[in-house]
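For the working numbering, add 5 to where a residue sits in the sequence shown, where the first one is 1.
I should point out that these hints are in silico values taken from the structure, not numbers from a laboratory.
If you're wondering where the values come from, they're calculated on a predicted model, not measured in any experiment.
Among the clues, some could well be false.
For each label pair, taking beta carbons as the anchor points, the in silico distance ranges come out as [stated by the list, open to error]:
#1 K244 to V352: 28 to 38 Å
#2 L446 to L37: 30 to 40 Å
#3 R119 to G356: 51 to 61 Å
#4 K244 to R472: 40 to 50 Å
#5 A272 to L116: 25 to 35 Å
When the alpha-carbon atoms are kept at most 30 Å apart in a straight line, the in silico DSBU-like pairs for lysine-lysine are as follows [claimed, not checked]:
#6 K623 to K715
#7 K674 to K623
#8 K674 to K89
#9 K674 to K715
#10 K715 to K675
#11 K623 to K89
Positions of the beta carbon are idealized from the N, C-alpha and C atoms, including for glycine.
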Amino acid sequence: MTTHDAPPTTAPGATTVREPAAGPGQPFVRRLWRGRPEDPRWARPALLVLLAATLLLYLYGLGASGYANSFYSAAVQAGSTSWKAFFFGSLDAGNAITVDKPPAALWPMALSVRLFGLNSWAILAPEVLMGVATVAVVYAAVRRRFSPVAGLVAGTVLALTPVAALMFRFNNPDALLALLMSAACYLVVRALEDGRTKWLVWAGTAVGFAFLAKTLQAFLILPALAVVYAVCAPVPLRKRFAQLAAATLALVVSGGWWVAVVELWPASSRPYIGGSQHNSFLELTFGYNGLGRLNGEETGSVGGGGGARGGGMWGETGWDRMFDSEIGGQISWLLPTALILLAAGLVATRGARRTSVTRASFLVWGGSLLTTMVVFSYMAGIFHQYYTVALAPYLAAVAGMGAGLLWERRREGWAAVTLAASLVAAAAWGYVLLHRTPDYLPWLRWLVLVGGLIAALGLVFVGRLTRRLALATAAVGLVAALAGPAAYTLSTVRQGHTGSIVTAGPAGASMMGGRGGGPGGPGGGRAWEGMPGQGQRNQQNQQGQQNQQGGPGGQGNGFPGGGFPGGTPGQNQQNGTPRNGTQPNGNGFPGGGRTREGGMGGVGGLLNGASVPAEARKLLEQDAGDYTWAAASIGSQNAASYQLATGEAVMAIGGFNGTDPSPTLAQFKKYVADGRIHYFIAGGGMGGGMGGGNGTASRISSWVQSTFTKVTVGSATFYDLTRKADD
Numbered sequence: 006m007t008t009h010d011a012p013p014t015t016a017p018g019a020t021t022v023r024e025p026a027a028g029p030g031q032p033f034v035r036r037l038w039r040g041r042p043e044d045p046r047w048a049r050p051a052l053l054v055l056l057a058a059t060l061l062l063y064l065y066g067l068g069a070s071g072y073a074n075s076f077y078s079a080a081v082q083a084g085s086t087s088w089k090a091f092f093f094g095s096l097d098a099g100n101a102i103t104v105d106k107p108p109a110a111l112w113p114m115a116l117s118v119r120l121f122g123l124n125s126w127a128i129l130a131p132e133v134l135m136g137v138a139t140v141a142v143v144y145a146a147v148r149r150r151f152s153p154v155a156g157l158v159a160g161t162v163l164a165l166t167p168v169a170a171l172m173f174r175f176n177n178p179d180a181l182l183a184l185l186m187s188a189a190c191y192l193v194v195r196a197l198e199d200g201r202t203k204w205l206v207w208a209g210t211a212v213g214f215a216f217l218a219k220t221l222q223a224f225l226i227l228p229a230l231a232v233v234y235a236v237c238a239p240v241p242l243r244k245r246f247a248q249l250a251a252a253t254l255a256l257v258v259s260g261g262w263w264v265a266v267v268e269l270w271p272a273s274s275r276p277y278i279g280g281s282q283h284n285s286f287l288e289l290t291f292g293y294n295g296l297g298r299l300n301g302e303e304t305g306s307v308g309g310g311g312g313a314r315g316g317g318m319w320g321e322t323g324w325d326r327m328f329d330s331e332i333g334g335q336i337s338w339l340l341p342t343a344l345i346l347l348a349a350g351l352v353a354t355r356g357a358r359r360t361s362v363t364r365a366s367f368l369v370w371g372g373s374l375l376t377t378m379v380v381f382s383y384m385a386g387i388f389h390q391y392y393t394v395a396l397a398p399y400l401a402a403v404a405g406m407g408a409g410l411l412w413e414r415r416r417e418g419w420a421a422v423t424l425a426a427s428l429v430a431a432a433a434w435g436y437v438l439l440h441r442t443p444d445y446l447p448w449l450r451w452l453v454l455v456g457g458l459i460a461a462l463g464l465v466f467v468g469r470l471t472r473r474l475a476l477a478t479a480a481v482g483l484v485a486a487l488a489g490p491a492a493y494t495l496s497t498v499r500q501g502h503t504g505s506i507v508t509a510g511p512a513g514a515s516m517m518g519g520r521g522g523g524p525g526g527p528g529g530g531r532a533w534e535g536m537p538g539q540g541q542r543n544q545q546n547q548q549g550q551q552n553q554q555g556g557p558g559g560q561g562n563g564f565p566g567g568g569f570p571g572g573t574p575g576q577n578q579q580n581g582t583p584r585n586g587t588q589p590n591g592n593g594f595p596g597g598g599r600t601r602e603g604g605m606g607g608v609g610g611l612l613n614g615a616s617v618p619a620e621a622r623k624l625l626e627q628d629a630g631d632y633t634w635a636a637a638s639i640g641s642q643n644a645a646s647y648q649l650a651t652g653e654a655v656m657a658i659g660g661f662n663g664t665d666p667s668p669t670l671a672q673f674k675k676y677v678a679d680g681r682i683h684y685f686i687a688g689g690g691m692g693g694g695m696g697g698g699n700g701t702a703s704r705i706s707s708w709v710q711s712t713f714t715k716v717t718v719g720s721a722t723f724y725d726l727t728r729k730a731d732d
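Throw the hints in and build the complete structure from the sequences for me.
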């Protein structure tokens, strides 16, 4: 294969020919173990060890998360029993309403559940495999242009990023998104090597399928990818634009086929599009999941954020958002280092010719990193800490590429000093992040700082050291840089995570409202338990799992680790009552709960699932086969908890927030008159808005309460829709 510039050991812009891979006549196992003939013999075994270690790390205690985010788990359960629910991403097998995202991320999990049954491992194991695949893609991308060592560094950085360890063990759409966006960057770099159209078309296909995972977030890096290819591709300008047009067509086809089917399908015979206000996926894409995320004006949402440097429900926005006390511990450990190495890589290749693939690699991965980081920093709408997993592959690739390039040039003074400066940034910032949780391994921050500074001093003179001493210095520096995120990652995998908003790291690692400094930052930030910016209450979560009924696994769910389906972190399942409660507590939110400092938190059935007493399960399961929906409940999380506990379809009135106008009161009355719904579950959701006012869900709730017979089972309240109150 001919490339347009060689690895850093030769001058940028030179041409080299790589040997082909091991011949097909060799045994597969030998070829798998040996890898490329031009690689050192240790390279492929080291990669396999990295991937195996990542797999074991991410699988560790996986069942402790139970159903993780019950919102998506309910859709997975529905898709495993109904192909129509599978296609549309319905929350229930009765196909009342969909999740507020396209369904691609649900499909691997639903297929897994069809094969292995409904359990935590069947739901989450596909996410783990996506994480391992993403590490492999990042390694392959960096190794092609730099070296196996650089690829291993990039893969290790990604595997040990706390938010990556969180989301590659969780059932939100972000795992598939990260994998597909990494693949898109890899494929664009492949296209830049030889100008072949097929690689660019495959890149467009990857972005299109990423759109079907998380809509417009997949398009954030498109400007960077398109501009780099238009400028740097080794083909004539006219052909470059023709290739970009072909890639755009592939994107539209791979991402648009499902959209076209949904928009053309008669609305009366498909589920309502959750998250929209007019039953339109295009409205959902460009509104609630699109521009609304940027400007905070999201109809049907629970509130927006602030403007630049402003505070809001979803945290402060501004250039340093990725470093603040809410986000920093999730993703930013090596972000300063990556930015330094990105600048160094561009400086090092400034004299290369236009078609330099080495420089283009920095532009592709670095441009994706910067574009995504800027958008995340200033978006004023709904924003959760775990969104930052999208940055992890880009950050890891840039770190691996930059470190590999500077190491090859370590005998040049500027390269050695820059490499040392990047390590100082990692050590100093690691110290700051660890200092924000002063009770968590207090000795580690000093080890990171001192070890990093000593290694950085050695790197200044690395060009004069013997090879063995230089490698030892680099190893010490790498350990110091990765010690902090590795510790947070280990804390993450040692506990279960449930609910809609999850964070990585130990308790207090993600604080709402402050920037820098100690816990919460100098602004006195709060640790929220259930609202945006929540900190994980690890000990409470573990205690809640231990207190569940039904012995090991909790209420007979059979999950290793005992995570309760749809449970809230910290729920105590004794007597079937969640710790945060499920009834209004005077703060305007069902199940309100309080933060550590007395603020509003834990929005009960809105952001986290509800506990389901055994008596309630038995009630809903009785004669469930005679109805399309065993029950209906306001809000998706509340409905999901009952659906997962019983295995029966439960209608989510109003979708995720309880604010979608589905079904209307007239439609609901018809469902009841036709005998399609058995029970109405009291509580849950937001009942029509932040103020609980006059929304569709509120009107349905009022009609049910005034018309039908109340049935109380333990702590749960139901209304039997087959029995009028005056009967």
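Query raised in the report: Falls inside 51 to 61 Å, the C-beta gap from R119 to G356?
Result: 56 Å, holds
Report task. For the pair we were handed, K623 and K715, check the Cα-Cα distance against 30 Å. Result -> 17 Å, holds
Query raised in the report: Regarding the pair K623 and K89, is the alpha-carbon distance no greater than 30 Å?
Result: The given pair, whose Cα atoms are some 27 Å apart, holds under the 30 Å limit.
Report task. Below or equal to 30 Å on CA atoms is what counts here, so check K674 against K715. Result -> 17 Å, holds
Query raised in the report: If you draw a straight line from the CA of K674 to the CA of K623, is it 30 Å or shorter?
Result: 25 Å, holds
Query - Verdict for K244, R472 (Cβ pair) under range 40 to 50 Å - result: Given about 45 Å between the Cβ atoms, the range holds.
Query raised in the report: Within a Cα-Cα threshold of 30 Å, do K715 and K675 meet the stated pairing?
Result: Answer holds: K715 to K675 is near 20 Å, not above 30 Å.
Query raised in the report: Has the given pair, K674 with K89, been kept, meaning a C-alpha gap of at most 30 Å?
Result: 24 Å, holds
Query raised in the report: Within 30 to 40 Å or not, the Cβ separation of L446 and L37?
Result: With Cβ atoms ~38 Å apart, the hint holds.
Query raised in the report: Does 25 to 35 Å hold as the CB distance between A272 and L116, or does it fail?
Result: 27 Å, holds
**Report entry** K244 versus V352 beta-carbon gap, inside 28 to 38 Å or not
**Finding:** Check passed, 30 Å falls within 28 to 38 Å.
In summary, the structure agrees with every hint in the numbered list given earlier.
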